[in-house]
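Chains as they are written, first to last, in my numbering: chain D, 160 to 365; chain R, 160 to 365; chain F, 160 to 365.
It should be emphasised that the hints constitute simulated quantities derived from the structure, not laboratory data.
A portion of the hints provided could be inaccurate.
The list treats identical chains as one, so a pair stands whether inside a single copy or across any two.
In silico DSBU-like pairs for lysine-lysine, Cα to Cα no more than 35 angstroms straight-line [as the list claims (entries may be wrong)]:
1) K267 <-> K247
2) K358 <-> K247
3) K358 <-> K243
4) K243 <-> K267
5) K358 <-> K267
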Amino acid sequence: MSYIATFDLIGCGVFAISGAIIAFQQRVDGIGVVVLATVTAIGGGTVRDLLLDVPVFWLHQPNYIYTIIFASIVTILWINSSRKIPGKSLEVADALGLALFVVMGTEKALSAGVPAVTAVIMGTLTGCFGGLLRDVFANQIPLIFRKELYAVCCISGGLVYVTLLNFLSVHISAIIAFLCVLLLRLAALRWGWSIHVFKFPDHSSH
Amino acid sequence: MSYIATFDLIGCGVFAISGAIIAFQQRVDGIGVVVLATVTAIGGGTVRDLLLDVPVFWLHQPNYIYTIIFASIVTILWINSSRKIPGKSLEVADALGLALFVVMGTEKALSAGVPAVTAVIMGTLTGCFGGLLRDVFANQIPLIFRKELYAVCCISGGLVYVTLLNFLSVHISAIIAFLCVLLLRLAALRWGWSIHVFKFPDHSSH
Amino acid sequence: MSYIATFDLIGCGVFAISGAIIAFQQRVDGIGVVVLATVTAIGGGTVRDLLLDVPVFWLHQPNYIYTIIFASIVTILWINSSRKIPGKSLEVADALGLALFVVMGTEKALSAGVPAVTAVIMGTLTGCFGGLLRDVFANQIPLIFRKELYAVCCISGGLVYVTLLNFLSVHISAIIAFLCVLLLRLAALRWGWSIHVFKFPDHSSH
Numbered sequence: 160m161s162y163i164a165t166f167d168l169i170g171c172g173v174f175a176i177s178g179a180i181i182a183f184q185q186r187v188d189g190i191g192v193v194v195l196a197t198v199t200a201i202g203g204g205t206v207r208d209l210l211l212d213v214p215v216f217w218l219h220q221p222n223y224i225y226t227i228i229f230a231s232i233v234t235i236l237w238i239n240s241s242r243k244i245p246g247k248s249l250e251v252a253d254a255l256g257l258a259l260f261v262v263m264g265t266e267k268a269l270s271a272g273v274p275a276v277t278a279v280i281m282g283t284l285t286g287c288f289g290g291l292l293r294d295v296f297a298n299q300i301p302l303i304f305r306k307e308l309y310a311v312c313c314i315s316g317g318l319v320y321v322t323l324l325n326f327l328s329v330h331i332s333a334i335i336a337f338l339c340v341l342l343l344r345l346a347a348l349r350w351g352w353s354i355h356v357f358k359f360p361d362h363s364s365h
Numbered sequence: 160m161s162y163i164a165t166f167d168l169i170g171c172g173v174f175a176i177s178g179a180i181i182a183f184q185q186r187v188d189g190i191g192v193v194v195l196a197t198v199t200a201i202g203g204g205t206v207r208d209l210l211l212d213v214p215v216f217w218l219h220q221p222n223y224i225y226t227i228i229f230a231s232i233v234t235i236l237w238i239n240s241s242r243k244i245p246g247k248s249l250e251v252a253d254a255l256g257l258a259l260f261v262v263m264g265t266e267k268a269l270s271a272g273v274p275a276v277t278a279v280i281m282g283t284l285t286g287c288f289g290g291l292l293r294d295v296f297a298n299q300i301p302l303i304f305r306k307e308l309y310a311v312c313c314i315s316g317g318l319v320y321v322t323l324l325n326f327l328s329v330h331i332s333a334i335i336a337f338l339c340v341l342l343l344r345l346a347a348l349r350w351g352w353s354i355h356v357f358k359f360p361d362h363s364s365h
Numbered sequence: 160m161s162y163i164a165t166f167d168l169i170g171c172g173v174f175a176i177s178g179a180i181i182a183f184q185q186r187v188d189g190i191g192v193v194v195l196a197t198v199t200a201i202g203g204g205t206v207r208d209l210l211l212d213v214p215v216f217w218l219h220q221p222n223y224i225y226t227i228i229f230a231s232i233v234t235i236l237w238i239n240s241s242r243k244i245p246g247k248s249l250e251v252a253d254a255l256g257l258a259l260f261v262v263m264g265t266e267k268a269l270s271a272g273v274p275a276v277t278a279v280i281m282g283t284l285t286g287c288f289g290g291l292l293r294d295v296f297a298n299q300i301p302l303i304f305r306k307e308l309y310a311v312c313c314i315s316g317g318l319v320y321v322t323l324l325n326f327l328s329v330h331i332s333a334i335i336a337f338l339c340v341l342l343l344r345l346a347a348l349r350w351g352w353s354i355h356v357f358k359f360p361d362h363s364s365h
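Chain D on its own, in the form it takes in the complex (with noise of 0.2 angstroms):
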């Protein structure tokens, strides 16, 4: 149990320092800082939690939101000193947190007892919905719309671990699960790909 906690503060950790320097590219500024910060790291797992009608998960563990502020704080300080937004680094560190979160997403609307469909959507939820959250609340496209694959990383992840379940352990599934999203993601950053389901008429016009 303890491990897993673990992971999960990081995954939100990542996540906040994602939040914050898009919050800082958008030029928001203030408390807005934070309040992206905040949707970004936990709005998935949220909204996963309200909908499987089970204890918002952050709501007993002052953890998170102590986790939150301090990755907010130190992504502040260093924007603020160095000037520099990290590229790859960050991309590699929100891939991590993505497939921590698509895997315990999955994993939990399993042990709330949905079907195994429905598990797949929540762990999608988990990882992508806060991002979706924050561009709404920042009042851009959401970036899912547009980056390559960032949905279809998790919806794989997810259908890979309710597949695996079936025939190896608990653990076993999530690692492999965990490496798919990862790898998917990373690959989908390194040589751009995209999926494409319309012919638009005219690329040119919009």
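Start from chain D and add chains R and F according to the hints.
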């Protein structure tokens, strides 16, 4: 019970199609199409169930998810092959879905034991909130703030339903309220009805 | 109990007025005015109750809905007849509503048994989240990301309240925390206080 579930699935499918079409019109691509279709189809009922503190309706019924995925794929294939977006026929289907959702949302709220005025709000949420969330996620001004009488149709249908229940059976009340929403909506579309509450001093400045 | 319910209704009415005025300023019309007024008035408390997993406060108490509808109609009539938007008087009323909501939200969270730091967040949500949702629904950058110390006033009031409870009675703690939010907010408005955490390299480029 069975035919209500069927109606509910039809309503979800219709709303998913409308969500996917709006995704195309707003040039959302990839997985975003399915996300917007899903939010349109189940967003209103999900918020209703969260507020009523009853189990979220699609959590243990993957049929809703399958219906939405199927409707999204058909819509994508159809748009890509025909390049024509359905106008009138979609509006009629959307009005049918709206009428279904309002009556069923109001009835579900009454079954959960809330007062009549709250049940009318829940019926309206069921009909409107999915589309509102879709527009918010796509970073658009919500259609219900502009569209002809969309919310007014929902409120009227809910009021008719809770009023008629005092005199008539559930089935007859539901059918009359359903027709009320449907006809009011189609009339508002046909004759471009809308409501203005403010006398803006200068309509041209915005 | 009775006078708390009265304060709560007053807070809702004031926030509904502020929501309807902002709807006018953003040229939202028709039913959208009532939607934005409602979201402003009960959005924060609704999210708080969902997170705490307690019954949503307005679900069985239609008085909140009646108050919001009444406040919206009065605001609409008044704007249409006078064409003047109240400036200072609205800000003072809004600050009063904010102070009420923060103290009552923090207290409700403590009663639900969450840790003090979570209770402060819940008090802040009660005060700020309705306005945040209003801005998100109206497709605007949320005011709390720009407005002078809005969220900081809430956080301060919540921290004062949970701290004083260790030494003083509930009533006296509530009154002091209430005055703390109110005076801090009025001072921030009067002297234009704001917080900057980032040193943006080039303020003119955006």
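Hint-by-hint comparison with the structure:
In this assembly of identical chains, K267 and K247 lie within 35 angstroms of each other by CA distance solely inside one copy; the values are 30 angstroms within and 44 angstroms between copies. For the identical chains of this complex, K358 and K247 are neighbours both inside a copy (31 angstroms) and across copies (23 angstroms), given an alpha-carbon limit of 35 angstroms. In this homomeric assembly, K358 and K243 come within 35 angstroms of each other (Cα to Cα) only across copies, at 12 angstroms, whereas the closest approach inside a single copy is 38 angstroms. For a Cα distance limit of 35 angstroms, the shortest separation of K243 from K267 qualifies neither inside one copy, at 37 angstroms, nor across copies, at 43 angstroms.
In this assembly of identical chains, K358 and K267 lie within 35 angstroms of each other by CA distance neither inside one copy nor across copies; the values are 38 angstroms within and 41 angstroms between.
When the structure is compared with the earlier hints, violations turn up for hints 4 and 5 and for no others.
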